[in-house]
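Enquirer: The primary structure of each chain is shown beneath.
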Amino acid sequence: MTEAGPPQSVSLTIDGTPVTVPAGTLVVEAAKTVDTDVPVYCYHPKLGPAGLCRICLVEIERLPKLQIACNTPVAEGMVVHTHGQKVEDGRRAVMEFLLLNHPLDCPICDKGGECDLQDFSMAYGQGASRLADAKASKPKALDLGPTIVLDDERCIVCQRCTRFDDIITRERSLVVKDRGQRDVIATASGEPYRSNFSGNVTELCPVGALTSKTYRFKSRPWDNHRTATTCTQCSVGCQLFVDERYGTIARTMSVPSDDAISDGWLCDRGRYNIGFYADARRITAPLLRRGEQYVQIGWDDAVEAWAAGLRDALGAAGPQAVGVLGGGRLLNEEIVLLVALMQELGVTNLDWRAGRQRQATPGRYAGTYAELEAAQLILAVGRPPSQTAPVLDLRIRKAVSQRGARYVTYGGHAAGSFVGVTPLRSADDVENVLSGVERVAVVWDGIDLELGARLASAIDGWVARGVSVTTYLSGEANNARGAEALGMVPRSGGLPFTGMLDAAQNGRLRSLSIFGANPVLHHPLGGASVANALERIPFLVVSELFLTETAQRAHLILPARTGFEKAGHVINLAGDVLPVHQAHAAPPGTLADGDMLVALAAELAAEVPGPEDVLARATAALPAATHGFGDAAYSEGVTASKSDGMAAGKPGGGGLRIAVGSDIFAGGGTIWFDETLAELRPDPAATLSPATAARLDVHIGDRLDLLSSSGDDSLQGLVVRIDAGAPDDVVAVIDGLPEAPANSFADGDNVVLGARRAADALEPALVLP
Amino acid sequence: MQSFGGAVMALYRGFATTLQFAFQKKPTVQYPSVRKQHAPRFHGLHELRRYADGKERCIGCELCAIACPANAITVIGAENAPDDRRSPGERFAGRYEIDELRCIFCGLCEEACPTDAIVLTPRFEMADYRRGSFIYSKDRLLVPPDAGVGAPPDERPGGIPADLGWVTEQKSTVDIARGYDATYNGAKLKDEHKGLTLQ
Ligand code: SF4
Ligand code: SF4
Ligand code: SF4
Ligand code: SF4
Ligand code: FES
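Chains as they are written, first to last, in the numbering used here: chain A, 1 to 769; chain B, 1 to 199.
Keep in mind that the hints were calculated from the coordinates and are not lab data. Here the structure is a predicted model, which is why all the values come from computation and not from measurement. Mixed in with the good hints there might be a few duds.
Stated by the list, open to error - Okay, derived cross-link-like pairs now, EDC-like style, lysine to aspartate or glutamate, Cα gap no bigger than 16 Å in a straight line: (1) A/K213 / B/E79; (2) B/K171 / B/D83; (3) A/K46 / A/D259; (4) A/K46 / A/D300; (5) A/K140 / B/E79; (6) B/K36 / B/E125.
Claimed, not checked - What follows is a set of in silico ranges between Cβ atoms, one per label pair, in the way DEER data are often shown: (7) A/A132 / B/G94: 57 to 67 Å; (8) A/R454 / B/P82: 35 to 45 Å; (9) A/D119 / B/E111: 40 to 50 Å; (10) A/A141 / B/L101: 35 to 45 Å; (11) B/N71 / A/D119: 48 to 58 Å; (12) B/S137 / A/A141: 18 to 28 Å; (13) B/D146 / A/G717: 49 to 59 Å.
Each residue gets a CB set at the ideal place from its N, CA and C atoms; glycine is no exception.
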């Protein structure tokens, strides 16, 4: 303040209080330091000023007119009055103008009760309109896309929604169409508004113009019981509010102050995938197989049967014949209990790897989200995070668009990030883009260990050169990092899950307990062989929410609880230990996996740690890791995928290779059993580049079958899509779709076209009268 | 000290007053065969009204529920289906319940209602044997389709009803003397149950 030189600060007076803020701060932000409220509509700290609504008028001494606080930077000696007669008169005039055609139908407006326009009407409105004519009438309940409804009458054209779509997601599909009184929020293309982040605009909209279809008319803000928790749908670990009313989850909302993890945004999976817990197909009583049928039994009998099955297996063939697979639904506490109980029983066959992801801990160069954002170069290897860790991808978009980072991918997948992406084809390309770069962030999908190991040695080389590298592992399983950190991995001499399947095939595995995992749909050995192996296990226990492909093979099905119905902790991909709180009462008859384990331990008379001990272990800070990507400790004999070979881009004559990607709305669990999201689930599609489609003579909308080169596996009835950005000679399909499970296909596998039906030979979807 | 004559006069006046009432019309009536007219502002059982075209006035806004000091009202909104419109506009009350045992008959719901949907009628007779039967839902609160009043707002959703003035005056839109129980529908149900039919 006294000496010159950066960082400069500026002293000014706001409402009589002297404040000192960094130079360049906007008056609206400076005012936050003195506990005064400057009303805003169009301004948002993450979207910046736009100067559209004029409600933020303040008086600045020695300036003849009122100024907008959101677009006026502070100046030395400035004297600002945020209240007073002149300011209030100005705001009243602005309000009158904003309300000119506003319907003020608050009683049927979803925003009613949390609406800025309502609040500022109370503060600055004049109660009655001076408008003599009827208000302009505009369309209400305009369908903007699968998730959002627009009430055009209520829009005050603050453009927060369009700026979000421009500045934050970079997707640039929302625009203000037409001008003046006729303006309307629409997509530029006229197509439905589809985005993985569409729900955020309903929170940004300061009025009730944009509302979520899932929340329409369900509740009022004052009815909702709000719980702050962690989203358990993927490994990003966004903080979110769950609003519950009369035992149903009405909606979820982002936590605006959560800059460290979600940056204040949620993806649509986390926001809208909330209908599954109440689905009629939910299992709410333990089910025991009797021949071809399941009978409903009580929990006491279930735990007894479980313990008896384990004792039989242990007694007959020892702990090597018992295995445990713990999926991503488990919380840290449950993992600690499970590992402790298995240790007590001498069982060493533990694993969490039910799908393709082989590794979850990024190791010695693990970075935070802030470091990712500050990187100059972001390298995504394998499946890019846009579909497995959506909000992480938003941060990549931010780094690229707002902080000038460069985004490159390696592995032949489309990045799907809406920012400039350079796909790299060889290791040399990677070295080239690295020259002169100081801060690199590497995001790997954790699938191909051999590729990971080469990546790790390359990273070591970069670090030796003085490049600062941070690494991230954006896998498909949500609490995988917690599972790995807390010991849900094969213990001394134990088998990984693939080994357990092998042992099952040979009749050496006598009991397997699976918690919240669906290997039949996700394991790279393929549904048929996994199911075959599981069926040979004499005693298979599955703890699940629904009758999934895997649960259908079980002898005992235990009804579990969702992440909304239990409390504990998870570890996200950046290594933060995050709390999960119970937001809603679980259906009677279900138990959290942890409670099942406590009951099982009691039945087996096994010693497990007490609650304090479990909590301490579950929340302990992660130990510093020394390994890197693709560490040998994780290898387990699943044939490595060939994604790297694909990146080199040399298909054999006329060959077609497959790229298996993710989609945030693909899956066989919470998504599949959520009817409210039916419209968002992807169709099984085969995406081709225009050149490849032309070469193969297929057209958009055709149905085709893909066969593996051995002819053993097939994907049937895929809808052809054509994407100009797709690489040539590659057919991209989506993993984890129960209608067309692609888990037996690995990236880069050669595939051949099977039967196909031209679009015009199909049953017409719509016939015009 | 009062004189003797004064005391006799006082006695006389007292007895005269008593005697006078002996010849007047008695205020007690032979309830239930005879019923008294209530004061116009009497607050009794609720009724959910309709517009003259049969659409429900209630738009499920929950303002009555939040205004209610006894927390007696539960409203869950729902969206009108295009082919089955229950109310003008987009929203209607998917569920509407009043717990008449909690209700203190203050009339604040009536004050809060933006569409004059909920009113307290002069009906007061709601004795029953089970507590559960005091939770009145839409089937007993809504007036019959032909008992609506007032023009609905123009079909532009959210339009403001033009008839707020005179509708407010009216305490009920169905004949209050009909049946002894609760609302029109409740009375009908009970009478049917007893093998009686109205009219
Ligand atoms: S946007 Fe706000 S002011 Fe407008 S109708 Fe909705 S609640 Fe009322
Ligand atoms: S729809 Fe909402 S966020 Fe978008 S411009 Fe209108 S008022 Fe602003
Ligand atoms: S990015 Fe992941 S954690 Fe965040 S909201 Fe989406 S699903 Fe949930
Ligand atoms: S009765 Fe009136 S106040 Fe209550 S929900 Fe219906 S419209 Fe709203
Ligand atoms: S908030 Fe300042 S002009 Fe809109």
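Enquirer: Next, verify each hint and record whether it holds.
Expert: For each hint, the structure was consulted:
1. A/K213 / B/E79: Between A/K213 and B/E79 the Cα gap is close to 10 Å, so the pair holds against 16 Å.
2. B/K171 / B/D83: 32 Å, violated
3. A/K46 / A/D259: 10 Å, holds
4. A/K46 / A/D300: 53 Å, violated
5. A/K140 / B/E79: 13 Å, holds
6. B/K36 / B/E125: 13 Å, holds
7. A/A132 / B/G94: 57 to 67 Å: Given a distance of about 38 Å, which is not inside 57 to 67 Å, the answer is violated.
8. A/R454 / B/P82: 35 to 45 Å: Given a distance of about 59 Å, which is not inside 35 to 45 Å, the answer is violated.
9. A/D119 / B/E111: 40 to 50 Å: 22 Å, violated
10. A/A141 / B/L101: 35 to 45 Å: Given about 38 Å between the Cβ atoms, the range holds.
11. B/N71 / A/D119: 48 to 58 Å: 25 Å, violated
12. B/S137 / A/A141: 18 to 28 Å: 27 Å, holds
13. B/D146 / A/G717: 49 to 59 Å: 54 Å, holds
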